[in-house]
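**Q** Sequence:
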Amino acid sequence: MSGRQKDRPWLMRTYAGHSTAEASNELYRRNLAKGQTGLSVAFDLPTQTGYDPDHILARGEVGRVGVPVSHLGDMRRLFQDIPLEQMNTSMTINATAMWLLALYQVVAEEQGADATKLQGTTQNDIVKEYLSRGTHVFPPGPSLRLTTDMITYTVNHMPKWNPINICSYHLQEAGATPVQEIAYAMSTALAVLDAVRDSGQVPEEKFGDVVARISFFVNAGVRFIEEMCKMRAFGRIWDQVTRERYGITDAKQRRFRYGVQVNSLGLTEAQPENNVQRIVLEMLAVTLSKDARARAVQLPAWNEALGLPRPWDQQWSLRIQQVLAHESDLLEYDDIFAGSQVIEAKVDSLVSESLAEIDRIQQMGGVMAAVESGYLKSELVSSHAQRRARIEGGEEKIVGVNIYETTEPNPLTADLDGAIMTVDPANEARVVAALHEWRDHRDEARASEALAALKKAAAGTENMMEATVECARAGVTTGEWSWALRDVFGEFRAPTGVSSAPVAVTAESGSPLALVREKVARTAEDLGAGRLRLLVGKPGLDGHSNGAEQIAVRARDAGFEVAYQGIRLTPEQIVSAALAEDVHCVGLSILSGSHAELVPDVLNRLREAGANDIPVIAGGIIPPADATTLIEAGVAAVFTPKDFGITEIIGRIVDEIRKANKLDPLEVLA
Numbered sequence: 234m235s236g237r238q239k240d241r242p243w244l245m246r247t248y249a250g251h252s253t254a255e256a257s258n259e260l261y262r263r264n265l266a267k268g269q270t271g272l273s274v275a276f277d278l279p280t281q282t283g284y285d286p287d288h289i290l291a292r293g294e295v296g297r298v299g300v301p302v303s304h305l306g307d308m309r310r311l312f313q314d315i316p317l318e319q320m321n322t323s324m325t326i327n328a329t330a331m332w333l334l335a336l337y338q339v340v341a342e343e344q345g346a347d348a349t350k351l352q353g354t355t356q357n358d359i360v361k362e363y364l365s366r367g368t369h370v371f372p373p374g375p376s377l378r379l380t381t382d383m384i385t386y387t388v389n390h391m392p393k394w395n396p397i398n399i400c401s402y403h404l405q406e407a408g409a410t411p412v413q414e415i416a417y418a419m420s421t422a423l424a425v426l427d428a429v430r431d432s433g434q435v436p437e438e439k440f441g442d443v444v445a446r447i448s449f450f451v452n453a454g455v456r457f458i459e460e461m462c463k464m465r466a467f468g469r470i471w472d473q474v475t476r477e478r479y480g481i482t483d484a485k486q487r488r489f490r491y492g493v494q495v496n497s498l499g500l501t502e503a504q505p506e507n508n509v510q511r512i513v514l515e516m517l518a519v520t521l522s523k524d525a526r527a528r529a530v531q532l533p534a535w536n537e538a539l540g541l542p543r544p545w546d547q548q549w550s551l552r553i554q555q556v557l558a559h560e561s562d563l564l565e566y567d568d569i570f571a572g573s574q575v576i577e578a579k580v581d582s583l584v585s586e587s588l589a590e591i592d593r594i595q596q597m598g599g600v601m602a603a604v605e606s607g608y609l610k611s612e613l614v615s616s617h618a619q620r621r622a623r624i625e626g627g628e629e630k631i632v633g634v635n636i637y638e639t640t641e642p643n644p645l646t647a648d649l650d651g652a653i654m655t656v657d658p659a660n661e662a663r664v665v666a667a668l669h670e671w672r673d674h675r676d677e678a679r680a681s682e683a684l685a686a687l688k689k690a691a692a693g694t695e696n697m698m699e700a701t702v703e704c705a706r707a708g709v710t711t712g713e714w715s716w717a718l719r720d721v722f723g724e725f726r727a728p729t730g731v732s733s734a735p736v737a738v739t740a741e742s743g744s745p746l747a748l749v750r751e752k753v754a755r756t757a758e759d760l761g762a763g764r765l766r767l768l769v770g771k772p773g774l775d776g777h778s779n780g781a782e783q784i785a786v787r788a789r790d791a792g793f794e795v796a797y798q799g800i801r802l803t804p805e806q807i808v809s810a811a812l813a814e815d816v817h818c819v820g821l822s823i824l825s826g827s828h829a830e831l832v833p834d835v836l837n838r839l840r841e842a843g844a845n846d847i848p849v850i851a852g853g854i855i856p857p858a859d860a861t862t863l864i865e866a867g868v869a870a871v872f873t874p875k876d877f878g879i880t881e882i883i884g885r886i887v888d889e890i891r892k893a894n895k896l897d898p899l900e901v902l903a
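So the sequence shown is numbered by my numbering: it starts at 234 and just counts up by one.
Honestly, the hints are just simulated from the structure, not real lab data. In this text, all values refer to a predicted model and were calculated from it rather than measured experimentally. Idealized CB from N, CA, C, for every residue including glycine. Just so you know, not all the hints are guaranteed correct.
[As the list claims (entries may be wrong)] Derived Cβ-Cβ restraints for the label pairs, each shown as a range:
#1 R543 with Q574: 42 to 48 Å
#2 Q574 with D650: 32 to 38 Å
#3 G743 with K630: 19 to 25 Å
#4 H559 with K630: 30 to 36 Å
[Stated by the list, open to error] Straight-line Cα separation of at most 27 Å, BS3-like style, residue types lysine-lysine; simulated pairs:
#5 K485 with K579
#6 K439 with K350
#7 K350 with K393
#8 K350 with K267
#9 K523 with K579
#10 K267 with K523
#11 K689 with K630
#12 K393 with K485
#13 K485 with K239
#14 K892 with K875
#15 K267 with K439
#16 K523 with K239
#17 K393 with K439
#18 K688 with K630
#19 K267 with K239
#20 K875 with K630
#21 K393 with K267
#22 K393 with K239
#23 K485 with K523
#24 K579 with K393
Kindly generate the complete structure, drawing on both the sequences and the hints.
**A** Here you go:
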């Protein structure tokens, strides 16, 4: 033993929720009994994007990637027998964050809790939704107002609550470099703090309380030294900005407070057992250094690239944290990197480059202007394309993917369909029926009055949180709350960043891309078309568009004319676009698990329109049994995360176009 008192461990969470509020509640209580010290709630995509389960866009998405919460009754069941006054709850919710926090507050009060004692976090960072995760609803201006209203409300009514978790996690998932991750997150923080300050809702003498409640949610990748230095740079910049820009003199209020989920982008479908050591390395980057240690940690599971993790898989990730915290001597020592010349040099470099990028964004008018102009999205798409090119070229090595690919049989995945959790397809119908029953038994007049009051607040200047809390109490549904605000604010379709992304892969003579370009050109000539046309579509509510964007960019660079309208489309809209653009192939990207319903729907609509000759390609996290079913239904090819060679995928798409049009195969190797 070192002789000093052991530090208190960080909060240990697992990101969880699925199927129904009842099933998720059972999972939460099991996890807490296993030693988990906080809750991290995953909501399904309809809840995140403001749709009720019976909306057309919610089809196939209900309960898939999280728990559906449609109204106060669902929230009651979600936290039944869990004393919220004693809990620290993180909710990954953004566009509808105000609504879910209102439901949480009302349920806590029904339990007898004092709202001033509630502890936890609402993610509530809409900027990264525009850039990477795609669950935005409203335009940037109104979204920033919702965030401002939430922050000012919690400072006055829920002082221990973190009303925003500025989230760079998904920026890294979308390809951000450490400098971009720091700069974009800090630029978001500046926009939020400026908006709160300028709203006049918080007295100047209480602004330090606002700064003290701002928290961050970051990513930690496998580049251990770089990631640990990134966290030190984050803290240094935050201290400087809050002191110099906002005049915060209390060092405690300036403290950089962050939670972390370690990287999922680098988890592989090939040799997935390697993901365990990746997760451990990534966790060490945010725990080893006391001066930059996370306050809360949640780890992905080893099999996330295969599908939805099971409770056992999540338990494994929790045990990784517990072994480090309780068996090792990590928490017995001060910062073990203090004074390191290597670390200090890297931190200085990250700080300098990040501040320069922050200044560049400020000169554009701030982060919201940089979102609307498409600058930030284009930069991320470009960074991600460069990363993919390094992997495909072998410059960036990934064990089991592009190096050391031979492997022994894996007992963990011997039964691939049993190695992940599946959601009962009948679950959606049960959730929809329960929603209709809820609407039938509520006080309709009170619900209507509450929605009218919310619209009035939104159209005016008053804080919308009070009206939202009344909507929660009145039995309003998630979709109704969102549509009331859509009526006032409208909706927003974020820039895709595809058209402005530079070429990331060279096409010198004899290179793989040059060979695919030749296949594209010759096939277009054989078909009598000026250029081959590819529609890249994202049906349903899955907003993780990174893969679709990379396919679109590479197809463009290979000579395709690419139609990509972004996220959140119905099968009907996708088929209409395919017919209108007279495309030669439709590529569908789905990572949420709704492929089993939405892909066959697109196929059937194409057949009904007499467009049987247009091949349909599917990509995403698709288990083997589902892939077989899709092929039997008529899908031409299925690609999953193990298919990392994008140029090769584009070549395969050309092959399917030739096959569908009864053209002989080309002998061009690609």
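**Q** Now look at each hint and say whether the structure bears it out.
**A** Do the hints match the structure? See the list:
{"no.": "1", "hint": "R543 with Q574: 42 to 48 Å", "verdict": "45 Å, holds"}
{"no.": "2", "hint": "Q574 with D650: 32 to 38 Å", "verdict": "52 Å, violated"}
{"no.": "3", "hint": "G743 with K630: 19 to 25 Å", "verdict": "23 Å, holds"}
{"no.": "4", "hint": "H559 with K630: 30 to 36 Å", "verdict": "34 Å, holds"}
{"no.": "5", "hint": "K485 with K579", "verdict": "25 Å, holds"}
{"no.": "6", "hint": "K439 with K350", "verdict": "19 Å, holds"}
{"no.": "7", "hint": "K350 with K393", "verdict": "6 Å, holds"}
{"no.": "8", "hint": "K350 with K267", "verdict": "25 Å, holds"}
{"no.": "9", "hint": "K523 with K579", "verdict": "18 Å, holds"}
{"no.": "10", "hint": "K267 with K523", "verdict": "26 Å, holds"}
{"no.": "11", "hint": "K689 with K630", "verdict": "56 Å, violated"}
{"no.": "12", "hint": "K393 with K485", "verdict": "14 Å, holds"}
{"no.": "13", "hint": "K485 with K239", "verdict": "21 Å, holds"}
{"no.": "14", "hint": "K892 with K875", "verdict": "24 Å, holds"}
{"no.": "15", "hint": "K267 with K439", "verdict": "40 Å, violated"}
{"no.": "16", "hint": "K523 with K239", "verdict": "12 Å, holds"}
{"no.": "17", "hint": "K393 with K439", "verdict": "14 Å, holds"}
{"no.": "18", "hint": "K688 with K630", "verdict": "53 Å, violated"}
{"no.": "19", "hint": "K267 with K239", "verdict": "22 Å, holds"}
{"no.": "20", "hint": "K875 with K630", "verdict": "14 Å, holds"}
{"no.": "21", "hint": "K393 with K267", "verdict": "26 Å, holds"}
{"no.": "22", "hint": "K393 with K239", "verdict": "25 Å, holds"}
{"no.": "23", "hint": "K485 with K523", "verdict": "16 Å, holds"}
{"no.": "24", "hint": "K579 with K393", "verdict": "34 Å, violated"}
Of the numbered hints given earlier, the model fails hints 2, 11, 15, 18, 24; all others are met.
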